[in-house]
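Protein chains: 4
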Amino acid sequence: MNTTTKNHWRSKLHDIIYEADTPAGKLFDLVLFIAIIASIILVMLESIDSFDKKYHNFLNISEWIITILFSIEYIARIITVKKPLKYIFSFYGIVDFLSTIPKYISLLFGGIHALAALRALRLLRIFRILKLARYLGASNMLISALRASRAKILVFLFAVLILCVICGTLMYLIEGEESGFSSIPVSVYWCIVTLTTVGFGDIAPVTPLGQFLAALIMIMGYGIIAVPTGIVSAEYSTQGTKKHPNPNTKVSLNSKSCENCLAESHSDKADYCYNCGEKLHI
Amino acid sequence: MNTTTKNHWRSKLHDIIYEADTPAGKLFDLVLFIAIIASIILVMLESIDSFDKKYHNFLNISEWIITILFSIEYIARIITVKKPLKYIFSFYGIVDFLSTIPKYISLLFGGIHALAALRALRLLRIFRILKLARYLGASNMLISALRASRAKILVFLFAVLILCVICGTLMYLIEGEESGFSSIPVSVYWCIVTLTTVGFGDIAPVTPLGQFLAALIMIMGYGIIAVPTGIVSAEYSTQGTKKHPNPNTKVSLNSKSCENCLAESHSDKADYCYNCGEKLHI
Amino acid sequence: MNTTTKNHWRSKLHDIIYEADTPAGKLFDLVLFIAIIASIILVMLESIDSFDKKYHNFLNISEWIITILFSIEYIARIITVKKPLKYIFSFYGIVDFLSTIPKYISLLFGGIHALAALRALRLLRIFRILKLARYLGASNMLISALRASRAKILVFLFAVLILCVICGTLMYLIEGEESGFSSIPVSVYWCIVTLTTVGFGDIAPVTPLGQFLAALIMIMGYGIIAVPTGIVSAEYSTQGTKKHPNPNTKVSLNSKSCENCLAESHSDKADYCYNCGEKLHI
Amino acid sequence: MNTTTKNHWRSKLHDIIYEADTPAGKLFDLVLFIAIIASIILVMLESIDSFDKKYHNFLNISEWIITILFSIEYIARIITVKKPLKYIFSFYGIVDFLSTIPKYISLLFGGIHALAALRALRLLRIFRILKLARYLGASNMLISALRASRAKILVFLFAVLILCVICGTLMYLIEGEESGFSSIPVSVYWCIVTLTTVGFGDIAPVTPLGQFLAALIMIMGYGIIAVPTGIVSAEYSTQGTKKHPNPNTKVSLNSKSCENCLAESHSDKADYCYNCGEKLHI
Chain P
1 MNTTTKNHWR
11 SKLHDIIYEA
21 DTPAGKLFDL
31 VLFIAIIASI
41 ILVMLESIDS
51 FDKKYHNFLN
61 ISEWIITILF
71 SIEYIARIIT
81 VKKPLKYIFS
91 FYGIVDFLST
101 IPKYISLLFG
111 GIHALAALRA
121 LRLLRIFRIL
131 KLARYLGASN
141 MLISALRASR
151 AKILVFLFAV
161 LILCVICGTL
171 MYLIEGEESG
181 FSSIPVSVYW
191 CIVTLTTVGF
201 GDIAPVTPLG
211 QFLAALIMIM
221 GYGIIAVPTG
231 IVSAEYSTQG
241 TKKHPNPNTK
251 VSLNSKSCEN
261 CLAESHSDKA
271 DYCYNCGEKL
281 HI
Chain G
1 MNTTTKNHWR
11 SKLHDIIYEA
21 DTPAGKLFDL
31 VLFIAIIASI
41 ILVMLESIDS
51 FDKKYHNFLN
61 ISEWIITILF
71 SIEYIARIIT
81 VKKPLKYIFS
91 FYGIVDFLST
101 IPKYISLLFG
111 GIHALAALRA
121 LRLLRIFRIL
131 KLARYLGASN
141 MLISALRASR
151 AKILVFLFAV
161 LILCVICGTL
171 MYLIEGEESG
181 FSSIPVSVYW
191 CIVTLTTVGF
201 GDIAPVTPLG
211 QFLAALIMIM
221 GYGIIAVPTG
231 IVSAEYSTQG
241 TKKHPNPNTK
251 VSLNSKSCEN
261 CLAESHSDKA
271 DYCYNCGEKL
281 HI
Chain R
1 MNTTTKNHWR
11 SKLHDIIYEA
21 DTPAGKLFDL
31 VLFIAIIASI
41 ILVMLESIDS
51 FDKKYHNFLN
61 ISEWIITILF
71 SIEYIARIIT
81 VKKPLKYIFS
91 FYGIVDFLST
101 IPKYISLLFG
111 GIHALAALRA
121 LRLLRIFRIL
131 KLARYLGASN
141 MLISALRASR
151 AKILVFLFAV
161 LILCVICGTL
171 MYLIEGEESG
181 FSSIPVSVYW
191 CIVTLTTVGF
201 GDIAPVTPLG
211 QFLAALIMIM
221 GYGIIAVPTG
231 IVSAEYSTQG
241 TKKHPNPNTK
251 VSLNSKSCEN
261 CLAESHSDKA
271 DYCYNCGEKL
281 HI
Chain H
1 MNTTTKNHWR
11 SKLHDIIYEA
21 DTPAGKLFDL
31 VLFIAIIASI
41 ILVMLESIDS
51 FDKKYHNFLN
61 ISEWIITILF
71 SIEYIARIIT
81 VKKPLKYIFS
91 FYGIVDFLST
101 IPKYISLLFG
111 GIHALAALRA
121 LRLLRIFRIL
131 KLARYLGASN
141 MLISALRASR
151 AKILVFLFAV
161 LILCVICGTL
171 MYLIEGEESG
181 FSSIPVSVYW
191 CIVTLTTVGF
201 GDIAPVTPLG
211 QFLAALIMIM
221 GYGIIAVPTG
231 IVSAEYSTQG
241 TKKHPNPNTK
251 VSLNSKSCEN
261 CLAESHSDKA
271 DYCYNCGEKL
281 HI
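Chains as they are written, first to last, in the numbering used here: chain P, 1 to 282; chain G, 1 to 282; chain R, 1 to 282; chain H, 1 to 282.
Everything labelled a hint here was simulated from the structure, so no lab data went into it.
Check before you lean on any hint, since a few could be wrong.
Below, in silico cross-link-like pairs of lysine-lysine (BS3-like), each with a Cα-Cα straight-line distance of 30 Å or less [to be verified]:
1. H:Lys-26 x R:Lys-152
2. P:Lys-26 x P:Lys-82
3. G:Lys-152 x H:Lys-86
4. H:Lys-103 x H:Lys-26
5. R:Lys-103 x R:Lys-83
6. G:Lys-12 x G:Lys-86
7. H:Lys-103 x H:Lys-86
8. H:Lys-103 x R:Lys-152
9. P:Lys-26 x G:Lys-152
10. G:Lys-152 x G:Lys-86
11. G:Lys-103 x G:Lys-53
12. H:Lys-86 x G:Lys-26
So that you can see chain P by itself, here it is in the shape it has in the complex (with noise of 0.2 Å):
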């Protein structure tokens, strides 16, 4: 018996909206993605006062038919998958309700502009940039040398923590509340500033010991910066050398995705889940 003869409509949708091999897939993820930044660029829009004033009327209504495409694009993944419920719960299905649900909120509450929790809520939608992760996520080596150092950078981080807290205490005693380090949490704030090279300049210190401390502190994060760096380009460079000994860090470039249990990342020749043993559509 033939696989593709089992497929029926509810399949064939599975792998137009989950897969992008097919030309269907491929339309489906074009329209999903130019949608998503459509829908960023109204909530920004939105956001300008003056643009808001003028084109308001316009703005709720493209906000309507996104926020419809959207609804229509999460019923249907809830269909197409043979678990539903893991599907909602899972991160993706949990960032596409809440790409849905504010403006239907909006319209039980639609003539208190004010309310501040609303207008959050409102702006919530721009968390459906996190969508576009489904673009980013299994098709680069990035990730897998990020997460291989992971805890290596997550030490280095702790570090230079640790050296903020020193380094903050002793500028707010040395500099005093005059200069704008009124408090340690301020000068710890400050000195992170600093040492990543950032340097907003709406805190610097005046007195020359401070001055000094600062240069010090600067010095130091020029040199440190290295490490990081260090890091992540030794790793990167494992990771393009070696022959993928770790199944977990191996890419696969498909799109497939199980119709069961939504797991990702098959093999090219698997023809069954790993996960939950469910036969894939090729």
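Keeping the supplied structure of chain P fixed, place chains G, R and H upon it in accordance with the hints.
Below, chains G, R and H without anything else, positioned relative to chain P:
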């Protein structure tokens, strides 16, 4: 029959203009280089109001001299190439044309100094600096390293942009419009300024929560700056060690240029153009 | 005779305090870790004037609880070690003492709140964060990579400092005192701020020549930041690939600590202290 | 005949001054090092107006002591070298002379304190710091790594400069003179400040389009900072692994110096100067 017997003045001029292996060709390149630099400096000086008022005549005359020089060069390039249209619509052809034309247009509308569009057009002459790209073009390993890691760097920058949109929106929610975070686009702009460790300080968080999030963003920026460095570093090491198996990344050091189709990067021992089969001058 | 039969309560306490391989030892470490972090946050909150006024009693009581906890820990550490004086004058011994004493001193001069020296003393408690160094100490490759490249980084920083003194003096000569470059030390400070790409903007050149020199300094800073990164990167790669021929860079992952001389970094299969010959607990 | 029998006082003095392998030579170097640092600090303190007024006499006397010390050193160096003219017109000869002369000149025009040129001349003494280059000079791998990648870094910086001219001009067109982008050179300066991630904030874009272009420039700067790092990193790795086939990059750790021609970097087992054939002191 010797190839040199075929050379008449057009062929010789082609060698002088398009190649840098003969003394005359080297002199031409040097004069062109100085003329471009001089022209850039002139446009810059012209943009300084106090300088422009004082030395208007000197600037005007110098600009005319350089424009006429570039016009002669442009015409010479068209004459000596076998397929002039191909040159005219090539990247360098367009740059050469745009380098020459603004001054002539300013002649037509000479008195109308204040016209903004015209002012922009006159400034366009500064893009003559793109002509210098010729001197960077074919002779270094950097570009091939960058080209090889282009896709990875784009993925990285895309991820950074997603991060900036998310953090920018959060900062907009936290800080509000009083601190300068007046809209989401402005907040995203601030977030890019911070994450790339530029830190202008024209906008800076003032609330404790905002400063905490800002500190997180900075530390993240400090940590992930390692990623592109790691990529280029690894790519570059690979470029340096491998024996150039890919002919596209092979770099030839001669300045041969085909008279017919303007193709460059010929192999050192090539006698015929790899693109159109035309005989090359040695 | 079995070594465990010799264990009495002091020996057991030593295992709990100094080692982290038993469940009790792990719990002790966790409690200590949380107490340190809580103590840091208390000092930070105390430095915020508005917070200190509102919750003075709460802060005071919490601080006393933590101080008593640390006092108990300090005494326990002295009791369980065979050579207490060696512990007392070790780095961690001094840090532990300084973490405990400030609150007791503040008791003596309790009412005199404004005394600057006392205020500094109270802030000293923040250096309890150095106790966290225990958790960073022996378990990462970073430190050995940094130690290996220490000499080179120092030479580099020394060269950067010479550069900053020269450029700072030139900026002082060019800009003069009106632009904020009020003395050579301040100019050198500005130069460090600029070269390390921090760029506060509290002092910025205003003359064309000063801006030109500043641009040169920035481009230099942008170019030479590569040097320490290159050093650590290369060192780090070497650390990763070599089979640890140097025993000093060998990292053991157990938390054994000698009861007699406090020596750490014992080999995994060591039964006796490599430093004093004392029998180690397993 | 033993080489040591030829040694008279001049030869011994030469060893003390130019080499650091004997105890006397090491002491001389230490004294010289301290004198240079002290002299730098004096010039710095002198530039602080309030300090200069208060301790003018102390500064003046200290400066005279150091000047006389340096004069003695300069004369001793001339005497002990076989070809004094060669030393006098060498880099270090000129630096040593310029380190000594300003104080004597200030004697001639002592009262005229306000003369700007003289003030600059007095500050010239700070360039004594260049004498410290002796201690950096021959003993590190950094310089050879930098020298090897010099050409590539220059090409890179040239490309960055072209980019800055183009972006600076665009910003000038977009932002106009109200936002501080008052001329193309200033805009190019701003662009360098931004691309190198320094970001003073004295000039910052205010129009949305300007902020968008600025964001692009920053992200570009963030992305291309990887390039010089990659170059030096790869060069440095190569320097570390190759067996020094090029004698110019070989680094010798002794401090032998030829009495005749001042050549340095002699091989450890050299008996005669590689440059002029003169017998070397061991």
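Status of the hints after comparison with the structure:
{"no.": "1", "hint": "H:Lys-26 x R:Lys-152", "verdict": "holds, 22 Å"}
{"no.": "2", "hint": "P:Lys-26 x P:Lys-82", "verdict": "holds, 22 Å"}
{"no.": "3", "hint": "G:Lys-152 x H:Lys-86", "verdict": "violated, 55 Å"}
{"no.": "4", "hint": "H:Lys-103 x H:Lys-26", "verdict": "holds, 28 Å"}
{"no.": "5", "hint": "R:Lys-103 x R:Lys-83", "verdict": "holds, 27 Å"}
{"no.": "6", "hint": "G:Lys-12 x G:Lys-86", "verdict": "holds, 20 Å"}
{"no.": "7", "hint": "H:Lys-103 x H:Lys-86", "verdict": "holds, 25 Å"}
{"no.": "8", "hint": "H:Lys-103 x R:Lys-152", "verdict": "violated, 36 Å"}
{"no.": "9", "hint": "P:Lys-26 x G:Lys-152", "verdict": "holds, 21 Å"}
{"no.": "10", "hint": "G:Lys-152 x G:Lys-86", "verdict": "violated, 33 Å"}
{"no.": "11", "hint": "G:Lys-103 x G:Lys-53", "verdict": "holds, 18 Å"}
{"no.": "12", "hint": "H:Lys-86 x G:Lys-26", "verdict": "violated, 37 Å"}
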